[in-house]
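If you read the protein sequences in the order shown, they are chains A and B.
Each step along the first sequence adds one to the number in the working numbering, with nothing skipped, and position 56 is 56.
Each step along the second sequence adds one to the number in the working numbering, with nothing skipped, and position 114 is 114.
Please keep in mind that the hints were generated in silico from the structure rather than gathered at the bench.
Only a predicted model underlies this, so the values are computations on that prediction, with no experimental measurement involved.
Worth double-checking, as some hints may not be accurate.
Every beta carbon over 12 Å from chain B, so not counted as near; a handful from chain A, in silico [said to hold, decoys possible]:
1) 51
2) 74
3) 79
4) 83
5) 106
6) 108
7) 114
8) 117
Quick list of simulated restraints, FRET-style, between CB atoms [claimed, not checked]:
9) B/32 to A/107: 18 to 28 Å
10) B/23 to A/136: 38 to 48 Å
11) B/126 to A/82: 30 to 40 Å
12) A/39 to B/94: 29 to 39 Å
13) B/9 to A/46: 18 to 28 Å
14) B/9 to A/133: 51 to 61 Å
15) B/97 to A/46: 36 to 46 Å
No residue lacks a Cβ here, since even glycine has one placed at the ideal position from N, Cα and C.
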Amino acid sequence: MTTPVRERPISPHLMTGGLGSPLLWRWHLTMFTSILHRATGMALYGGAVIVTAWALALGAGPEAYQAFFDLMASPLGRLVLVGLTLSLFYHLANGLRHLFWDAGLGLSVTASFRSGVMAMAFSVVATVVVWAAGLGSGGQ
Amino acid sequence: MTDFRTPLSRARGSGAAGHGAAHWVAERVSAIALIPLTLWMVYAALVIAGTGYEGAVAFVAHPVNAVMIVLILAVSGWHMHAGARVIIEDYLQKMLGRSALLILNLFVVVLLTALAVFSVLKVALGGAL
Numbered sequence: 001m002t003t004p005v006r007e008r009p010i011s012p013h014l015m016t017g018g019l020g021s022p023l024l025w026r027w028h029l030t031m032f033t034s035i036l037h038r039a040t041g042m043a044l045y046g047g048a049v050i051v052t053a054w055a056l057a058l059g060a061g062p063e064a065y066q067a068f069f070d071l072m073a074s075p076l077g078r079l080v081l082v083g084l085t086l087s088l089f090y091h092l093a094n095g096l097r098h099l100f101w102d103a104g105l106g107l108s109v110t111a112s113f114r115s116g117v118m119a120m121a122f123s124v125v126a127t128v129v130v131w132a133a134g135l136g137s138g139g140q
Numbered sequence: 001m002t003d004f005r006t007p008l009s010r011a012r013g014s015g016a017a018g019h020g021a022a023h024w025v026a027e028r029v030s031a032i033a034l035i036p037l038t039l040w041m042v043y044a045a046l047v048i049a050g051t052g053y054e055g056a057v058a059f060v061a062h063p064v065n066a067v068m069i070v071l072i073l074a075v076s077g078w079h080m081h082a083g084a085r086v087i088i089e090d091y092l093q094k095m096l097g098r099s100a101l102l103i104l105n106l107f108v109v110v111l112l113t114a115l116a117v118f119s120v121l122k123v124a125l126g127g128a129l
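So here's chain B without its partners, still in its complex pose (with noise of 0.2 Å):
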């Protein structure tokens, strides 16, 4: 196949071209952000086990709970799909199955989000009792 693209142009589509930190920057930040929110979110577990259906609604009703648990479910969802795409990218050399394995936890941990989020606010805003 004939390349019209000339030498730079290659080079400067490859690599880290003035961008390549963003995503290392981006899954520390998250990292730092769980710190707090992952040990409010193994409080709120414990809370969570301790009652039944009724006291796990009126815990998730409450606005300060609810924020918290999406913010736990949006930081945590952009830390595991930064995880994830650096062990695939890592481990994986085959074009194919590589963007395959990227597309799907893309995917995944946006539908997973997107479900966990919307069942919250559900829960929160009153569509649950």
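For reference, chain A alone in the conformation it holds in the complex (with noise of 0.2 Å):
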């Protein structure tokens, strides 16, 4: 049996390459991104359910609808609207990407990190921009 001349390759996840080094497994912002594609997609799962439950309380009339409009005015009502605008916007731009990536387009490593950041930046600022604009014009 020969002596290797240098260690073999094993799983990323176990090379210990030194800090910096490229065998070294690290978190990347492209992983991070398409986690929160997945994760957000099923929240608007859920965001389909509350559009139901609205188009439900709107066809079964006044007193249903002002109950389905409080618990959405409520602190927890909000905080989930809120949580769905992000996703929504996040979902939308990141999907956008996807359907670049999917013509071949922005695939390269400074790119696609480009373009992930923007994408998160889009969702944080629409959403403030949306639900100033809602708060603004005496939205409930």
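Got two chains here, separate frames each, mind docking them using the hints?
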């Protein structure tokens, strides 16, 4: 049996090439944006339940609609709605990113990193703008 | 258990036997449609949040708005079914739990869409007043 010239590669998460080593497993922004895309997608699944509740309440009449409205205007209701707005805008922006990737565009490390930061920044800014507009126009 | 199927027959039944890309493409096509639809939905939500019951009924009763809402419900229903399906297929290997969740996913999406579309049409066609 011959002695290997160097250590054979093992699973990336077991490699300890030292800090800054390209062999060392670490978190990448692209992993985070990918996980966030699925998480926000599932959050929007819950959002679809709320939209259906809104439609049912509207169809059921004024009292049911007011009850739904009061629930959504409560602190917990608002927290959920802000989270859903954030999820919607993130999923929209990151989904656009995926569509560009599917077309073969923006796949380089720098481009995907930059578009990931842009998608996250857009979702926060758009959420703030929409809620400022909603509260400013007398929305309850 | 004796399996009378030939290896070729078994191979044809699994994997992308000529139609594997269809679900993938459908998810992306619905995503493209949802770009303008969700932006309109944010506008609609802002209008509805600023008005009471009567204002919301008047908004939904407008033909263009009613059609837009039904389109959003149908396309987003399709898209979320496709997305959740991919997640279930990725993370669940056991056949029983996986099949049960896939069926549940389909039933929940269809039920939610049917309830919402019916309610919107009821309001739009004058049933709420």
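Assertion that residue 83 of chain A lies outside the chain B interface [Cβ separation over 12 Å]: Per Cβ check, residue 83 of chain A is outside 12 Å of chain B; nearest 14 Å; holds.
If we take the beta carbon of residue 79 of chain A, is the closest beta carbon in chain B still more than 12 Å away? holds (15 Å)
Given a hinted range of 38 to 48 Å, is it respected by the beta-carbon distance of residue 23 of chain B and residue 136 of chain A? holds (42 Å)
Range first: 30 to 40 Å. Now tell me if the beta carbons of residue 126 of chain B and residue 82 of chain A are that far apart. 34 Å Cβ-Cβ, so the 30 to 40 Å window holds.
Least C-beta distance between residue 74 of chain A and chain B, which was stated to exceed 12 Å: holds (14 Å)
Please settle this one: residue 106 of chain A was flagged as non-interface, so is its CB more than 12 Å from every CB on chain B? holds (16 Å)
If I take the minimum Cβ distance from residue 108 of chain A to any residue of chain B, is it greater than 12 Å? holds (21 Å)
Outside-interface status for residue 117 of chain A - nearest CB in chain B farther than 12 Å: Non-interface label on residue 117 of chain A holds, nearest chain B Cβ at 20 Å vs cutoff 12 Å.
Cβ separation of residue 32 of chain B and residue 107 of chain A, checked against the hinted range 18 to 28 Å: The hint (18 to 28 Å, Cβ to Cβ) holds, given that residue 32 of chain B and residue 107 of chain A are roughly 19 Å apart.
Assessment of proposed distance window 51 to 61 Å (beta carbons of residue 9 of chain B, residue 133 of chain A): holds (60 Å)
Grab the minimum beta-carbon distance between residue 114 of chain A and chain B and tell me whether it stays above 12 Å. holds (20 Å)
Could you say whether the range 36 to 46 Å given as a hint is met by the Cβ separation of residue 97 of chain B and residue 46 of chain A? violated (21 Å)
Checked against the numbered hints above, the structure breaks hints 1, 12, 13, 15 and satisfies the rest.
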